[in-house]
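J.: These are the residues of each chain, in order.
Protein chains: 4
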Amino acid sequence: MTADRDMENAGEMDHSAFRYGVFTKNRVEAFSDGIFAIIVTLLILEIKVPHIENVDSATALLQSFQGLLPKFVSWVISFLTICIVWVNHHRIFDTFKGFNIALFWLNVQVLLWVCFIPFPTALVGDYPHNPLAVAFYGVVMAMTGAALVAVRFYGAMNKEILKEGISLKAYKQAIFFAFIFGPVFYLVGAGLAWVNTFVSFAMYFFIAVYFIFSFKFHGHQQED
Amino acid sequence: MTADRDMENAGEMDHSAFRYGVFTKNRVEAFSDGIFAIIVTLLILEIKVPHIENVDSATALLQSFQGLLPKFVSWVISFLTICIVWVNHHRIFDTFKGFNIALFWLNVQVLLWVCFIPFPTALVGDYPHNPLAVAFYGVVMAMTGAALVAVRFYGAMNKEILKEGISLKAYKQAIFFAFIFGPVFYLVGAGLAWVNTFVSFAMYFFIAVYFIFSFKFHGHQQED
Amino acid sequence: MTADRDMENAGEMDHSAFRYGVFTKNRVEAFSDGIFAIIVTLLILEIKVPHIENVDSATALLQSFQGLLPKFVSWVISFLTICIVWVNHHRIFDTFKGFNIALFWLNVQVLLWVCFIPFPTALVGDYPHNPLAVAFYGVVMAMTGAALVAVRFYGAMNKEILKEGISLKAYKQAIFFAFIFGPVFYLVGAGLAWVNTFVSFAMYFFIAVYFIFSFKFHGHQQED
Amino acid sequence: MTADRDMENAGEMDHSAFRYGVFTKNRVEAFSDGIFAIIVTLLILEIKVPHIENVDSATALLQSFQGLLPKFVSWVISFLTICIVWVNHHRIFDTFKGFNIALFWLNVQVLLWVCFIPFPTALVGDYPHNPLAVAFYGVVMAMTGAALVAVRFYGAMNKEILKEGISLKAYKQAIFFAFIFGPVFYLVGAGLAWVNTFVSFAMYFFIAVYFIFSFKFHGHQQED
Chain A
9 MTADRDMENA
19 GEMDHSAFRY
29 GVFTKNRVEA
39 FSDGIFAIIV
49 TLLILEIKVP
59 HIENVDSATA
69 LLQSFQGLLP
79 KFVSWVISFL
89 TICIVWVNHH
99 RIFDTFKGFN
109 IALFWLNVQV
119 LLWVCFIPFP
129 TALVGDYPHN
139 PLAVAFYGVV
149 MAMTGAALVA
159 VRFYGAMNKE
169 ILKEGISLKA
179 YKQAIFFAFI
189 FGPVFYLVGA
199 GLAWVNTFVS
209 FAMYFFIAVY
219 FIFSFKFHGH
229 QQED
Chain B
9 MTADRDMENA
19 GEMDHSAFRY
29 GVFTKNRVEA
39 FSDGIFAIIV
49 TLLILEIKVP
59 HIENVDSATA
69 LLQSFQGLLP
79 KFVSWVISFL
89 TICIVWVNHH
99 RIFDTFKGFN
109 IALFWLNVQV
119 LLWVCFIPFP
129 TALVGDYPHN
139 PLAVAFYGVV
149 MAMTGAALVA
159 VRFYGAMNKE
169 ILKEGISLKA
179 YKQAIFFAFI
189 FGPVFYLVGA
199 GLAWVNTFVS
209 FAMYFFIAVY
219 FIFSFKFHGH
229 QQED
Chain C
9 MTADRDMENA
19 GEMDHSAFRY
29 GVFTKNRVEA
39 FSDGIFAIIV
49 TLLILEIKVP
59 HIENVDSATA
69 LLQSFQGLLP
79 KFVSWVISFL
89 TICIVWVNHH
99 RIFDTFKGFN
109 IALFWLNVQV
119 LLWVCFIPFP
129 TALVGDYPHN
139 PLAVAFYGVV
149 MAMTGAALVA
159 VRFYGAMNKE
169 ILKEGISLKA
179 YKQAIFFAFI
189 FGPVFYLVGA
199 GLAWVNTFVS
209 FAMYFFIAVY
219 FIFSFKFHGH
229 QQED
Chain D
9 MTADRDMENA
19 GEMDHSAFRY
29 GVFTKNRVEA
39 FSDGIFAIIV
49 TLLILEIKVP
59 HIENVDSATA
69 LLQSFQGLLP
79 KFVSWVISFL
89 TICIVWVNHH
99 RIFDTFKGFN
109 IALFWLNVQV
119 LLWVCFIPFP
129 TALVGDYPHN
139 PLAVAFYGVV
149 MAMTGAALVA
159 VRFYGAMNKE
169 ILKEGISLKA
179 YKQAIFFAFI
189 FGPVFYLVGA
199 GLAWVNTFVS
209 FAMYFFIAVY
219 FIFSFKFHGH
229 QQED
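Chains as they are written, first to last, in my numbering: chain A, 9 to 232; chain B, 9 to 232; chain C, 9 to 232; chain D, 9 to 232.
Nothing false has been slipped in among the hints.
Because identical chains cannot be distinguished in the list, a pair is counted as satisfied if it fits within a single copy or across any two copies.
With a Cα cut of at most 30 Å, we get these calculated DSS-like pairs of lysine-lysine: (1) K171 <-> K33; (2) K33 <-> K180; (3) K33 <-> K167; (4) K180 <-> K167; (5) K171 <-> K105; (6) K33 <-> K177.
Calculated directly from the structure, the hints in this document are not laboratory data.
Chain A with its partners taken away, still in its complex shape (with noise of 0.2 Å):
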């Protein structure tokens, strides 16, 4: 394995300077934040204008709002995702000192679940209560968040990738929360879809939430 030579190499990049057969840190960066950044804004397209007959009416186009809830309410719930997912990914790319290739292709892999959110995105803004749409969804961010705990224990795995003065305890448990808010939480929230698809919608929203509130204190965490 060449991780540590990459490495080492890595560890001398200076901004301007590429080298061939060494992944530039933030031409990496930036082709995954640009990645988020569509990805994002292209959920607006599956939102699409109701028909109405009487196209002058206000009350028939609110009737036809109603309609579009499930679309309103999955499409915050995957922007929200997706921003965190972002942080959640700049977060534990700069823990790395650079990329290798093991490293760039599980970002790849990262990208293509995140990627794929749209399309489950439109499926349950469709069929807000089929049970498989939305579980289909729960799955896709539990994929998403799996792919991120993937990278994480990467780097568990190879701490000589990673940057000096990074605690590998405090690392150990929050691949372990990671695991636990992301994977298992999705999933349960997709198994619950059989049940009541509102209790997942619920759920999703929730772990959402959670991840935003808990970024102060995983923050504080990395620094004692």
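Starting from the structure of chain A, add chains B, C and D where the hints point.
T.: Using the frame of chain A, we list chains B, C and D on its own:
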């Protein structure tokens, strides 16, 4: 609250360094800029080529263009408005030393409204004489403006996060003007849709023009 | 006018510093580049997969491709033209020391036309023999070219905003050439659509090819 | 030819300086990276939510998913292939000192094929058993690979434009491998579509997997 501490770190932050637990200003800005650039370009996708029977007839095509006129108008207004929001976003976040967690989510809340803009733009293009459609457009713009006011308000409440040399008096004055010319004027425009939708369109356009020409003035004010 | 004063500041501006009231050159450029990159890629979304009855028949698919030919041609022409506009945009703004408010809105006006290009491209792909569709395409391209000429013209009128070492004579000559080979030629091409739409297509393609091969020449001229 | 002279300038080029008549490497790269990021995310827009009559039936939705299977498969293959092209693009252009006019247009020619990929991806998802659709996909990938080979070839023919320390022997060997594993293998896959479309799919997937695992090897080769 860790704002003080985070900002202390952010102050030392150089271009290439990334720290775990601190949001890197230029990555958050690049993410936001990417979102603005995408939204401003996606708008055109809502203007579909009209279907005409006599495919080679210039007059048939010209007639179909008349139906597209409200779409062209709403497209131009949204395009200019998003550029204005981008400039304001740029200016507002430039008054901060860096991003802490609260600012990050305040930023996400601005981006959420920006990303929603293609929907009311398409809506108003399809139903230009429907008061609800035209008012809905104004409400979304008002919310976008209010989201930016919230960011400014956070700055005024947490002056240790602001860059040195920023006059708090001018800052608070700017909040007042941003509140009046943003949310208040848009809501007035939205309300006028029940009187005459054309008046609302004119008002939305006037607000955009006002902002384009007011930038110079505010820039001056700052430098005094 | 504050152009002088803004530019003075811009001259001292370093990569990482942002000032309230001054447009940061590389953020405006990144915003513009993002818009160009998105527009050039969105074009393909207008080419829809054709519907054929006999789904497994290669000959049926091949026949449906013939109907797509004008879409492929207009896609290639628009793709190359947007790349040319990007290069010109890049070159023109590189002659300026930085962005002031007037330049920013002159830039927005260029981007507005660039963002509109997917519409005439789809239009001309759907109605390749309709003179209005083909002429409309040329008029939009002429307006895009005129928007860039306006930026150059602003530079010639405000030479204190131009970088040192730029020959004003060569600059004015470039405006003249850009005006002739941009707006004028496109409008001639648009007018010819009423004679023969194929001639217009050929002219639009010729203008693109001319610009691709003329870059070297202008580059030289500048260095003298 | 001005390649020598342009490159001389490019050698002295620092991060923030832009010169008229010289293409700034990191702006061209950012433009290209943006295009790759957008194309890789636009692919998902071609997978539409299926229409089912019984909106709350999980089994009806599950059945409709079977029809989407070829779309999912072609989406994954295209996603991975574009990431591979991005890596190759990144590596190839990192061997050059900068961009001259010829390299810029060779780059545009690569981007043109990359931007076209969503069309054959959607085509093959709609008509997975149609030999022309499956072969067309392979031909577009072959052309993309050939476009990159053309860039490498230009480098081999103009070694003064290559960075110091690059072994021309290894460079030429890389061209040979890139030609065989790119255009040649894709064209073989395309031809096999008339035997069995599944074999072509398998081949396209195999080529992607080969490239993912070959990167390490080539990286090594370079460092010797």
